[in-house]
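Enquirer: The lines below spell out each chain.
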Amino acid sequence: MNRIPILRLGKALLVTIQVDMHDELALALEEDLTQKIWATGARGVLIDISALEVVDSFIGRMLHAIASVSRVLDAETVVVGMRPAVAITLVELGLELPGIRTALDVERGMALLSRRDDEGAEGDIERR
Amino acid sequence: MRGRRETLSGGDLREIRSSDDVVRVRQEVRARAQALGFSLVDQTKIVTAASELARNALDYGGGGTVRFVEVRNGARAGLRLEFEDQGPGIPDIDQALRDGFTTGRGLGLGLGGARRLSNEFELVSQPGQGTRVTITRWK
Chain H
1 MNRIPILRLG KALLVTIQVD MHDELALALE EDLTQKIWAT GARGVLIDIS ALEVVDSFIG
61 RMLHAIASVS RVLDAETVVV GMRPAVAITL VELGLELPGI RTALDVERGM ALLSRRDDEG
121 AEGDIERR
Chain R
1 MRGRRETLSG GDLREIRSSD DVVRVRQEVR ARAQALGFSL VDQTKIVTAA SELARNALDY
61 GGGGTVRFVE VRNGARAGLR LEFEDQGPGI PDIDQALRDG FTTGRGLGLG LGGARRLSNE
121 FELVSQPGQG TRVTITRWK
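Chains as they are written, first to last, in the numbering used here: chain H, 1 to 128; chain R, 1 to 139.
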């Protein structure tokens, strides 16, 4: 079975979804990502959906599941690169991706994650 | 039917038996909407609605079919999709259309979402006799 590659990018993991997802692939990605967060201690997950022409509730459910599991493992999920037509359609569909950060592209998504990480580090110092 | 003159053409039937078929339905809806000159946003809306309904037919209806019909109302072109399954049917249609209602593992946005993404929406279902959902999007 094909799997979606997961790349390491600093303290984050980057997943670029380029194919039309089906059930098995989505489940495999969720498992692979969870394993990889645990193995690498990644603090963030960037999911690049700029190649996706459609995001339906099935994909929404997958993103939601990934974000929930990642949060439990102390990694934040940022969905990046959503196309404008997809954004308009998602809102009308009623899918608002609660609990998931978004950014326009990978670069801004990375900036969002490193800001969170910096704030976390400062917080640790203040508590001492 | 509703005092409107529509001419129909096409009427191609496709099977929805697997997750791959859902992907194929999306691709065909995209190609047809594009050929009819739909805007990118309108294409995305009908493809997304079709994706929800194809998945419903698969997950809740145990598989089904979709019929593609290109419709015309005067100068206006549209794409009509009829999804049909022989599954258990929907006992309470109002409830099924409500956001957040699901008997499966979905988010419960499928039917209500597909209705919002379409210009016309019709749902016919009888418990034990399956479900037919027809949507139309006009250019």
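Everything labelled a hint here was simulated from the structure, so no lab data went into it.
Don't be surprised by glycine CBs; every beta carbon is placed ideally from N, CA and C.
There may be inaccurate statements among the hints.
Claimed, not checked - Pairwise CB distance ranges (calculated):
1. H:L9 - R:I93: 42 to 50 Å
2. H:I88 - R:R24: 34 to 42 Å
3. H:W38 - R:E15: 36 to 44 Å
4. R:Q129 - H:A39: 30 to 38 Å
5. H:L97 - R:Q95: 20 to 28 Å
6. H:D74 - R:N119: 23 to 31 Å
7. R:P88 - H:D32: 46 to 54 Å
8. H:K11 - R:Q126: 38 to 46 Å
9. H:W38 - R:A31: 40 to 48 Å
10. H:Q35 - R:L13: 39 to 47 Å
Stated by the list, open to error - Sample of chain R residues facing chain H (criterion: CB under 8 Å; computed from the structure):
11. R14
12. R17
13. V23
14. A35
15. V41
16. V47
17. E70
18. G89
19. G113
20. R116
21. L117
22. N119
23. E120
24. V124
25. S125
26. Q129
Enquirer: All hints are to be evaluated individually against the structure, with a verdict given for each.
Expert: Each hint, compared with the structure:
no. : hint                       : result
1   : H:L9 - R:I93: 42 to 50 Å   : holds (47 Å)
2   : H:I88 - R:R24: 34 to 42 Å  : violated (25 Å)
3   : H:W38 - R:E15: 36 to 44 Å  : holds (41 Å)
4   : R:Q129 - H:A39: 30 to 38 Å : violated (51 Å)
5   : H:L97 - R:Q95: 20 to 28 Å  : holds (25 Å)
6   : H:D74 - R:N119: 23 to 31 Å : violated (45 Å)
7   : R:P88 - H:D32: 46 to 54 Å  : violated (35 Å)
8   : H:K11 - R:Q126: 38 to 46 Å : violated (55 Å)
9   : H:W38 - R:A31: 40 to 48 Å  : holds (42 Å)
10  : H:Q35 - R:L13: 39 to 47 Å  : holds (42 Å)
11  : R14                        : violated (16 Å)
12  : R17                        : violated (13 Å)
13  : V23                        : holds (5 Å)
14  : A35                        : violated (16 Å)
15  : V41                        : holds (5 Å)
16  : V47                        : holds (5 Å)
17  : E70                        : violated (21 Å)
18  : G89                        : violated (21 Å)
19  : G113                       : holds (4 Å)
20  : R116                       : holds (5 Å)
21  : L117                       : holds (6 Å)
22  : N119                       : violated (12 Å)
23  : E120                       : violated (15 Å)
24  : V124                       : violated (22 Å)
25  : S125                       : violated (20 Å)
26  : Q129                       : violated (26 Å)
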